[in-house]
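From the two separate chains plus the hints, produce the assembled complex.
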Amino acid sequence: MMSPLLSLILIPLVTAAFCMAGSAPRRISIFGAAANLLLTLHLMGSYSLEVGGFQFVSGRLLMASHGLAFSLGADGLSMVMLLLTTLVTLAAVWVAPNIKRHEGMFYACLLFISAGAIGAFVSLDLFFFYAFHELALIPTFLLIGIWGSGERQRIAWKVTLYLATGSFVLLLGLIGIWLAVPAGFHTLDIRVLQQLGYAGLLTPGPVVYLLVLFGFGSLIALFPFHTWAPEAYASAPAPAAMLHSGVLKKFGLYGLLRLAVPIFPAEIQQFANLLLLLLLGNIIYIGFVTIAQKRLDLMLGYSSVMHMGYAFLGFVALNQIGLAGMSLMIFAHGLTIAALFALCGEIERRAGTLEFSQLGGMAGVAPKLGLLFGFAVFASFGLPGFINFPAEVLIFFGAFARGVSSGFNAYQITTAFALWGVVISAIYMLRAYRRIFWGHRGAAVTEAIADVSPAVRWSVILLLAGLLITGFRPSLLLDSINPVFDLLVP
Amino acid sequence: MNPLYLEVAVVILGLLLLVAESFAGPGRKSGIAHPAITGLILIFIATFWVNPAALDASAPYARFYSTDSLAIFFKQIALLTTIVVLIMAQEFAPVVEANLPSSRRGAGLGEFYALPVFTCAGLMWMASAVDFVLIFVSLELVTISFYILVSYLRHDRLSVEAGVKFLVLGALSTGFLVYGITWIYGVTGQTNLNAIAAVIPALKVAAAPALLFGLGLVLVSLGFKVAAVPFQFWIPDVYQGAPTPITAFLSVASKAAGFVVLLRVLQTFVVVPYLQEKILPLMALLAGVTMVFGNLAAIPQSNLKRLLAYSSVAHAGYLLLGVASLGAPFVGSAILFYLGAYLLMTLLAFLVMTIVAKAVGGDDIADFNGLNQRAPQLAFAMLLAMASLAGVPLTVGFLGKLFIFEAAYQQGHFVLITIGIVTVAAGFYYYLKIVRAMYWQQAADPDAPGIPVGIAARITIAILCALIIWLGIYPAPLLSLIH
Chain A
1 MMSPLLSLIL IPLVTAAFCM AGSAPRRISI FGAAANLLLT LHLMGSYSLE VGGFQFVSGR
61 LLMASHGLAF SLGADGLSMV MLLLTTLVTL AAVWVAPNIK RHEGMFYACL LFISAGAIGA
121 FVSLDLFFFY AFHELALIPT FLLIGIWGSG ERQRIAWKVT LYLATGSFVL LLGLIGIWLA
181 VPAGFHTLDI RVLQQLGYAG LLTPGPVVYL LVLFGFGSLI ALFPFHTWAP EAYASAPAPA
241 AMLHSGVLKK FGLYGLLRLA VPIFPAEIQQ FANLLLLLLL GNIIYIGFVT IAQKRLDLML
301 GYSSVMHMGY AFLGFVALNQ IGLAGMSLMI FAHGLTIAAL FALCGEIERR AGTLEFSQLG
361 GMAGVAPKLG LLFGFAVFAS FGLPGFINFP AEVLIFFGAF ARGVSSGFNA YQITTAFALW
421 GVVISAIYML RAYRRIFWGH RGAAVTEAIA DVSPAVRWSV ILLLAGLLIT GFRPSLLLDS
481 INPVFDLLVP
Chain B
491 MNPLYLEVAV VILGLLLLVA ESFAGPGRKS GIAHPAITGL ILIFIATFWV NPAALDASAP
551 YARFYSTDSL AIFFKQIALL TTIVVLIMAQ EFAPVVEANL PSSRRGAGLG EFYALPVFTC
611 AGLMWMASAV DFVLIFVSLE LVTISFYILV SYLRHDRLSV EAGVKFLVLG ALSTGFLVYG
671 ITWIYGVTGQ TNLNAIAAVI PALKVAAAPA LLFGLGLVLV SLGFKVAAVP FQFWIPDVYQ
731 GAPTPITAFL SVASKAAGFV VLLRVLQTFV VVPYLQEKIL PLMALLAGVT MVFGNLAAIP
791 QSNLKRLLAY SSVAHAGYLL LGVASLGAPF VGSAILFYLG AYLLMTLLAF LVMTIVAKAV
851 GGDDIADFNG LNQRAPQLAF AMLLAMASLA GVPLTVGFLG KLFIFEAAYQ QGHFVLITIG
911 IVTVAAGFYY YLKIVRAMYW QQAADPDAPG IPVGIAARIT IAILCALIIW LGIYPAPLLS
971 LIH
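Residue numbers (the working numbering), protein chains in the order written: chain A, 1 to 490; chain B, 491 to 973.
No lab work stands behind these hints: they were computed from the structure. None of the values given here were measured: they were computed from a predicted structure. Careful: at least some of the hints might be erroneous.
Derived DSBU-like pairs: lysine-lysine, alpha-carbon spacing no greater than 35 Å straight-line [unchecked claim]:
1) B:K768 to B:K655
2) A:K100 to A:K294
3) A:K294 to A:K158
4) B:K655 to B:K848
5) A:K100 to B:K848
6) B:K768 to B:K694
7) B:K923 to A:K100
8) B:K768 to A:K158
9) A:K368 to A:K294
10) A:K368 to A:K100
11) A:K158 to B:K655
12) B:K655 to B:K923
13) A:K294 to B:K923
14) B:K848 to B:K768
15) A:K158 to A:K100
Next comes chain B alone, as it looks inside the complex (with noise of 0.2 Å):
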C-alpha cells in the first residue's frame, strides 16, 4: 500500500466526522467518538502493510516526503496515541459538557472528537517531513488544533489561561522556526534536508556562524516543542489547565513529533565535524539542565498534572541525552524505545486519571488517598505506570533507560549519567509519592463506592498495563518495528 494514503484516510476520516456530527441529533453528538476511534484503528493496523516502495519516488511530493521505518513508526505512535486519547475523551465527556455553554445537550461534544484526529494527521505528516517547508505546514497543522483543544473548557477559566499562553508561547516559537529556516536557506539555497545535507559540506568555513545561528533558531523552536529546560515555563500551566486528554496527546505525540524532527534536522547537520562538535555539546548541556531542573522541579508539586507535566520535561531530558549520545551505534533504537515506553506509562497514567479525576472530582495526588481500597485494579494500574516512569525493572521504563545510559556511557558522557542516576533516584521520589497516597493514606471518604470504568477504558488499561512488563522481559516486538 502506498503510505501517502494512510494521512489521506486520517484527513477524510475527520471530515466525515465533522459531516457526521452537524447531522446527528441532539444527545447524540457523543456517538462520533465510535467510528473516530474504529477508523484509527483500522488505519492504524493498515501501517504495518505499508510498502514504501510504492511511493513514486521521481513524484515531486517525494522530496518532501520520506517512507523509512522512523517515519512509520512515528506514524504508528501518533496513531496509537490519538486512539487511546479519544477513548480517554469518551470517559471525560461529562466534563466537557458541564463546561461548554450551550442549552442544546452534548452541543460542542462532536469537534471535541473530531479534532484530534486533524492533529493526527498533522503529526503523521510531520513524521515523514524532510523538507523544511513540510515541516513548518504539517507542525502548524498540529499547533493550530492545540490552540482549539488546550482552551476547549470555554467556562474553565484555568483552561482559557492555558490557551492563551500555549497560544503567545506557540506563535513566538513558530516565530524563531520560520526565522531559522530563512537562515538556512539564505547560507544553503534548500529546504530539503537532503539537499542541505548535499550541500553543506562544501561551504566555506565562514559560512559556519550564520549556518548555526539558523540551527540554534531552528533547535530553540523544537526546545519549546519537546519541552526542553530553558524552554519549558510553558508547560506546567497549560499542562494543568488543558483538558486531561488533551494534557495526554500533548505531552506525548506533541513530543514525540518534536523529537522526530528534531532527529531528522540533527542528522543532517552533524555529518559534519565543525558542526557536531558544536552541536552535541550543546545537546548534552541542554540534556543535563532539563534531567535536573525537570526532576526537581517535580518533587515539591501537589497537583498529579503538573507534576507529570514536570516528569515531562524530566523525560525530555533523558531523551535528549540519547540525542547527545548521537554516533552510538544503538543510539537511535534506544530513543525510539524511549519514546515508545513513554508513550505507553505516560498514557496508562493518564487514562487513569482520568477516570478517577471524574469520579473523585479533582487531580491533586490527596485525592488519590486511598484509592486502593475504592478502586484496587486502577490503584495498581496507576502503581505500574508510576513504577515504569521511575524506572523500575522488569518494566518497559527502565529498559529505556537502560538503553539510553547505555549510548551514553559509549560516547563517554560520565558526567551527565552521574547526573542521569541522581535524577533518577530523585524521580522515585515524586512518583512514589502518588503510591503513597493510593496506598497508605486513608480516603476522605471510607465509604465512596467503586468507581466505574467504561469497557473501552477498561480493555485500553489491561493492554497498556500488559504491554508496560512485557515490553519490559521482551522488548524484540518494540526493537522490530524501530528497525
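Bound-form chain A, shown alone (with noise of 0.2 Å):
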C-alpha cells in the first residue's frame, strides 16, 4: 500500500506526464487536481486530533551517512498547507485561458509547482523539504518566459536569479543547522530536530539564524528583499502567479513555523527588533507603494508583499497566538490572493487593460465579476466573516501580548503601526474596486464585454468558500494547528 502522502505528490507529476504526451491536457490536469483535493479532504477527515503530532509516517533511509532518508508525514499544519495547496491548484488550472503554444506543457508547469509544494509541505526530512520547493524554479522560469506578458524575458531572468540566490542562502542556513546537530543524533529528520530545539540541545547560532531568515525571507518577498515579487506576479499568467503568490511564497513561512520556531527562539528574540523594523518596511512603506500603483496586476503583486508583513509580525511575536493567527494568515491570503488574481486576469482578457485610468464601471456590463470581485476585496482587508478576519486578529493580540510583561515596548509599538496596515489596505483595496466597477466607464469599457467565464466564476466561488466556511468556524483550522505549538516556551 502506497502511503497516501506519497500520492499526493505523484498525483500531479503523473498527470504532469500525461499532459506533456497525451491530448486534453486542460482536461486531465482539472481531473488531477480535483483528485488531489479529494484525496487531501479524505486525509483531513481521517487525521486523528485526539493523537495529534505526525501521521500517516512512512520512510526510508537513503543515506546512513547523513541520515538522508525520505520520509512523508503530516501534522495539522501540513494539513493546512495540503488544503491551501489543493484548492489553489485546482482553481489555477481551472482558470487557465485558451493556451496557444505548448498547452500541455504550461499544464505540466503548474501542476510541477503544485507538487513541489505538496512534496515540501508533507517532508520529515530536512534535504527533501528544500529539495521539492526547488521543482518549481524552472517551471515558473518556462511559466513567465513562455506565456507571461510585459517584459516577461527580463523579469524571468530576475525572478530566477533572486529566488535561486535565496534558496542558496538558506540551503547554507539548512546546512548550518545540520552540522550543529549533536553527535549521537545523526539526523535530518525535522521531527527530531524540533525535539532537540525544544529541548536546547540544538543551538546553531545567530549566524545561522540570520541565513536561514533572509533566506526564507527572500523567497516570502520580505523588506528589503521583496523587488522579485510584484513583477513577476504582474508579468506571470494569472493561474502561474496564483500557485506563486498562493502557495510557493507561503513555503517561507511554513519553513520558518516549522524550522526557526523550534530551533531559534532565543534568536528569534535576540534580533526581534530588526525583523519588527523590517516587517514595518512590508506593511507602512509597501502598503504605500501599492497605494501609489496605476495598473491592477503590479497592485496585487505589492499587496501580497504587503501582506507578509502580518505574517512575519506573527512569526516574531512567538506564543502561541501570534503563531497561530501566523498560519491562518497563511491560509488565509493564499486562498484570497489565488482568487484576486484569477480576476484580475479575467479582468484583463475582457476589458484588454489593466490600468486604472482606462477602467471604470465594468459593474454596469460585467455584474457578476464585479460581485466576485467585492467579495475577494472584503476578504482581502479582513472582513470578519471571512479567515482573514481571525487570522489578523489573532496576530495583533499575539504581538501585543508578547508585550505586556514588559511594559510597552517595540512589539507593542509595532502592533500600533501594524493596525494601519489595515487602513492602508482597506484604501487601495476599495479604491481598486472603484475605479475598476464603479463610477464613469472608461476608455477600455464597452457594453461588448461579456460577464465572468463559468470557469473562473466557479474556481473563484471555491476559493471564496474556502475562505468564509473558515471564516465562519475558525476552529476547523485551528483544532488542527494549535496542538502543533504546544511544546512551544511561553
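Below you can see the structure in the form of C-alpha cells.
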C-alpha cells in the first residue's frame, strides 16, 4: 500500500507526464487537481486530532552517513498547507485561459509547482523539504518566460536568479542547522530536529539563524528582498501568479514555523527589533507603494508583499496566539490572493487592459465579475466573516501580548503601526474596486464586454467558499494548528 | 581478478581494433565502433569483480601501482566516459567523413574509434599511478592521443588551430611537470609518492622552499589538466575546435584524471603541517578565482561549446573548493561524487549537442532555438542536463554541490562559500540561456522535420537522464562505489 502522502505528490507528477505526452491537457489536469483535493479532504477527515502529531508517516533511509531519508508525514499544520495547495491548484488549472503555444507544457509546469509544494509540506526530511520546493524553480522560469506578458524575459531572469540566490542562502542555513546536530543524533529528520530544538540541545547560533531568516525571507518577499515579487506576479500568466503567490511563497512562512520556531527561539528574540523594523517596511512602506500603483496586477503584487508583513509579525511574536494567527494568515492570504489574481486575469481578458485610468464602470456590463471581485476585496482587508479576519486579529493580539510583561515596548509600538496597515489595505483595495467597477465608464469598457466566464466564476467561488466556511468556523483549522505549537516555551 | 588485467585488456582491445580496421573493406570502417563499445562495456562490468588482493604486493610494479578504491572508481569513470564518447563518435561520424581528405569512403574513421581506447588505457593507469614516473608516462599516453584526436578534422581550420594550441600548451605543462618532479626528487631522493610521504617529515626545514618550488611546478601542470584559473586559457579554443565527442572526452576524463593525480599528490604532502598551511590556502585561492572566472566568462558566450568550456572551468572551481577543504571528514567522497555527477550531466549535454548540431548544422546557442517543437525528448534531456549542471535540487548536480559546500563549511571557508553561492546563481543564468533557446524561442524553420537519433544514443540518453534524477534522490549507489 502506497503512502497516501506519496500519492498526493505523485498524482500531479503523473498528470503532468500525461499532459506532456497526451492530448486534452486541460481536462486531465483539472481531473488530477480535483482528485488531489478530494484525497486531501479525505486525509483531513481521517487525521486524528486526539492522537495529534505527525500521522500517515512513511520513510525509507537513503544515505546512512548523513541520515538522509525519504520520509513523509503530516501534522495539523501540514494539513492546512495541503488544503491550501490543493484548493489553489484546482482553481489555477481551472481558470487557465486558452493556451495557444505548448498547451501541455503549460499545465505540466503548473502541476510541477503544485507537486513541489505538496512535497515540501509533507517532507519530514530536511533535504527533501528543501529540494521539493526547488522543483518549482524551472517551471516558474518557463511559465513567465513563455506565457508571460510585458517584459517577460527580463522578469523571468530576475525572478529565477533572485529565488535561486535566496534558496542557496537558505541552503547554507540548513547545512548550518545540520552540522549543529549533536553527535549521536545523526539525522535530517525534522521531527527529531524540532525535539532537539525544544529541548535546547540544538543551538546553531545567530549566524545560522540570519541565513535561515533571510533565505526564507527572500522567498517570502521580506522587505527589502521583495523586488522580484510584484513584477513577477504582474508578468506571470494568472494561474502561475495564483500558484506562486498563493502557495509557493507560503513555503517560506511554513519553513519559519517548522524550523525557526523550535530551533531559534533565543535568536528570534535577539533579532526581534531588526525583524520588527523590516516588517514595518513591508506593511507601511510597501503599503504606500501599493496605494500609488496605477495597474491592477502590480497593485495586487505589491499588496501580496505587504500582507507578508502581518505573517512576520505573528512569527516574531513567538507565542501560541501569534503563531496560530500566522498559520491562519498563510491559509487566508493564499486563497485570497489566488482569487484576486484569477479575477485580475479575467478583467484583463475582458477589457484588454489593467490600467486604472482605462477602466471604470465595469459593474454595469459585468455584474457577476464585480460581485466576485467585491467579495475578494473585502476578504483581502479582513472583513469579519472571512478567515482573514481571525488571522489578523490573532496576530495583533499575539504581538501585543508579547510586550505586556515588560511594559510598553517595540512589539506594541510595531503592532500599533501595523494596525494602520489594515486601513492602508482598505484604501487601496476599495479604490481599486471603485476605479474598475464603479463610476464613469473607462475608455476600455464597452457594452461588448461579456460577464465572467464559468470557469473563473466557479473556481473563484471555490476559493471564496474556503475563506467563508473557515471564516465562520475558524476552529476547523485552529483545532489542528494549535497543538503544533503546544511545545513552545511561553 | 587481478586489476592489472583491466588495462592490459583495454590495450589489447585497441590493438585488435587497429588490426581489424586495416583489414576492413572500404565503407565498412565505421563498423569497428561496435566491437569497441562492446569490449569496453565488458571490461567496465569486469571492474566490479576486481580483487585488489590478487596483485602480488612484492612484485616490482606494485610500487608504482595502487589498487585502492579511488583507483578502481576512476577506472570506472574512464571506461564509462570512453563508452559514451564512442557512442557520440558514431553520431558524429558523418562530420568526420566530411572533413577528411580522401577518395575512399570512410577512410580514417577507424582510428577515430580506436584512439579513444588507448586514451582510456592511459587514463586507467593514471588512476592507479602512485609514482611520479608512472604518472608522467600515463599522462603522456593520454595527452599524445589527445593531440591527434583534437586536430582530427584536418580540413577544419578551427580543429587544426585547436590542435596546435593544445600541443603547445600541453608541451609546456609537461615541461612544468617534469621540472617539478626533478626538484622533488632532488630534495627527497624518491619518485614514489608513498616513499616521499615517508621521507618528508624527517627533512630539514631548510629544504622546504625547494620542495615547495617543485610541488608548485607540479601543481601548475595539474592546473592545466583540470582547467584551473589562471591555467585555463587553452580551454575555450580547444574545446570549440575539437570534434565534439573529443571535447566531451577532454572535459570529463581529462579533468577527472587531473583531479585523481592532484588528490594523490596532495595527500602525500598535506600530512606535514608546515606544507599543509602553505598548500591549502593556495588551493583555496585557486578555487575562488576559478569559480569566479569560469562562471563570469561563461555568461556572454553565444556558442554552446564555448559555454560548456567555461562551465567546465567553473566546475573545476567547485572541485577545487573540495580540494581546499581536505581534512573535512566527508570531503574525499564529496569530490568523487561531484566528479561522478559532473560526468553524467556533461556527457548528457555533449551527447544531445552532438546529435542536434549534426541535424541543425551548428553548435551556437541560437541553433537550439525552438528545439522543443522539433524534438521534445532531446530538448527535455538537455533541460535536465542544464538543470543538473546549474545545481537544481533532485538532480545529481545539486547533491554534488551540497556535499562540497558542506565540507567547505566544516573547514570554515565562509568567504569561498559566499563566492560559490553567488557564482552558482550566475550559473543559473547561463545554463538557463539554453533552456530559453529551446523553449521560449521560435525555430528558424518551424516546419523542420524531427531529428533522427541512433538506437545506441537513444538508450544512452535515457540511462543518463534516469541516473541524473535517480542519484539526485538516492545517492547511496554512487557513494557505495566510492567507499
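How the hints compare with the structure:
1. Note on K768 (chain B) and K655 (chain B): the hinted pairing holds, with a Cα-Cα distance of about 32 Å set against a maximum of 35 Å.
2. Only pairs whose Cα atoms come within 35 Å are accepted, and K100 (chain A) paired with K294 (chain A) is accepted, the gap being roughly 29 Å.
3. For the suggested pair K294 (chain A) and K158 (chain A), the alpha carbons sit about 22 Å apart, so the restraint of at most 35 Å is met.
4. Proximity of K655 (chain B) to K848 (chain B) is assessed by CA-CA distance (about 25 Å); at most 35 Å being required, the pair is judged to hold.
5. Restraint check for K100 (chain A) and K848 (chain B): satisfied, since their Cα atoms lie roughly 30 Å apart, inside the 35 Å limit.
6. Taking the CA atoms of K768 (chain B) and K694 (chain B), the gap is about 16 Å. The hint holds against a cut of 35 Å.
7. For the given pair, K923 (chain B) sits about 23 Å from K100 (chain A) by alpha-carbon distance, which is consistent with the 35 Å threshold.
8. Pair hint K768 (chain B) plus K158 (chain A) does not hold up; C-alpha atoms about 41 Å apart against a cutoff of 35 Å.
9. A hinted pair counts as satisfied when its Cα atoms are at most 35 Å apart, and K368 (chain A) with K294 (chain A) qualifies at roughly 24 Å.
10. A C-alpha spacing of about 27 Å is found between K368 (chain A) and K100 (chain A), which places the hinted pair at or below 35 Å, so the restraint holds.
11. Between the alpha carbons of K158 (chain A) and K655 (chain B) the distance comes to roughly 38 Å, so the proposed pair goes past 35 Å and is violated.
12. About 29 Å separates the Cα atoms of K655 (chain B) and K923 (chain B), which keeps this hinted pair within 35 Å; it holds.
13. Proximity of K294 (chain A) to K923 (chain B) is assessed by CA-CA distance (about 32 Å); at most 35 Å being required, the pair is judged to hold.
14. For a cut-off of 35 Å, the pair hint linking K848 (chain B) to K768 (chain B) is broken: about 48 Å separates their Cα positions.
15. For the given pair, K158 (chain A) sits about 25 Å from K100 (chain A) by alpha-carbon distance, which is consistent with the 35 Å threshold.
Taken one by one, the earlier hints fail for this structure at numbers 8, 11 and 14, listed in ascending order.
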